[in-house]
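Undergrad: Per full-length UniProt numbering, the sequence shown runs over residues 1 to 392.
Keep in mind that the hints were calculated from the coordinates and are not lab data.
Predicted model, so just to flag it, every value in this text is computed and none were measured.
By construction, the Cβ of each residue, glycine as well, lies at the ideal position given by its N, Cα and C atoms.
Mixed in with the good hints there might be a few duds.
As the list claims (entries may be wrong) - The following label-pair restraints were derived from C-beta to C-beta distances:
{"hint": "1", "residue 1": "F111", "residue 2": "L87", "range": "17 to 23 Å"}
{"hint": "2", "residue 1": "V40", "residue 2": "S211", "range": "33 to 39 Å"}
{"hint": "3", "residue 1": "F365", "residue 2": "R212", "range": "48 to 54 Å"}
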Amino acid sequence: MMEFLIDFCPYVIAALVLFALGFNLSRRENKMRQATHAAVSLPWYSWEAIASILLIALFSALRYYTGNDYRMYLTNFQQLQADGSLLRGNLEIGFVLVTKLIALTGCHFSFYFGFWGALQAFCLYYGLRHHKQLYCWIGLVLLLGPFCINWLTYLRQWTIAIAFVPMVPYFARRKFWPCLLFTLVAVTIHYSAWILMLLYFVPLVLKADRSRNFYLAIFAVCYLLGTYPVWLSPIASSRWLFSLVGYDKYQCLFQPLIEEHFVFKGYGPLRLIYLFQSLLFIWYYPAMREYYSRDKLFNAFFTLAFVGVCYQHLFINTVYALIRPADYLFIFVVIMMAYVFDYFMAIKKKFMLCVSCLVICSFTFISCYKEVYFLCKPAAECNLLYHFIPQL
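Throw the hints in and build the complete structure from the sequences for me.
TA: What follows is the structure, encoded as structure tokens:
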């Protein structure tokens, strides 16, 4: 048990430090506004934000075999340094160029993973530069909430997903050329990023007269359809569809769907936390929409998060490869949960804040505990726990 707690502690420590840094930045900005009686803002590159970016970079750099795909990225990097070849030859050209640039300069692999962590953190904090009150909650939800393992595992896809955050204003205002340029660059990191261009045609600013029941009804339909997705069998047999979205190598995983052998997810604590967080931000959306009425991006963030959770629950009883496209939108669920916590604090709903924060931020712990004590993996071999590089 002690080894388990030691390997889990880095998540908690990093999350709490990020919370403290974000809270201090938000407090300083509020004090400045009270003193000047104006809606002034501290620069996004304040020392707390820079320290947060560096901490996330350090967190990414020092991990070792944490995340399911870590071994593949590490082996690719080390093989490049050894003989100039790649273990996996079908990686996207932009990602390969960055990997070669860092590998062939002789840098340690910790710098390589730290670079991607710094890039992700920069895009996230820059994208939320006008929403600094969320900074303190972002670290908690990202590191302790439902999508931490996704973030640590899917390096390329989550880099694009987080880089999409600063681009939301352009997609919301239908700026075609910036959206197209971003998508073209993103495709060189992960082929499936072309899906993001579809969001150009989605109205991200929703009508203000939509009631809570409207969104709950849509979510309920997706949830019920996903409970027994027999309607997926014809889609699963379409090879061209998976080739189109860049997941053709996972085609063999869809055979159970073709034969209508679906993967039914039990209603354990992890599944219930997914459901809880979805219902939480949907339930409070009308009240938050009014409270954040001056926030120009709030509705767009909600739309992206809402589409993400609807898609997730629609395909949750299938193979995970079908849920992978939603990883581009899960970062907005993280952002919406930060909004929920900020809203609870603002209206002094302390009980709801404590309960919801405790439930959401227990996800990473439960995932790691399940892996070690229910699936009987030694803590040292559990790639969900945080392991430090044995020697630098």
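Undergrad: With reference to the structure, classify each hint as holding or not holding.
TA: Here is what the structure says about each hint:
no.: 1; hint: F111 with L87: 17 to 23 Å; verdict: holds (19 Å)
no.: 2; hint: V40 with S211: 33 to 39 Å; verdict: holds (36 Å)
no.: 3; hint: F365 with R212: 48 to 54 Å; verdict: violated (31 Å)
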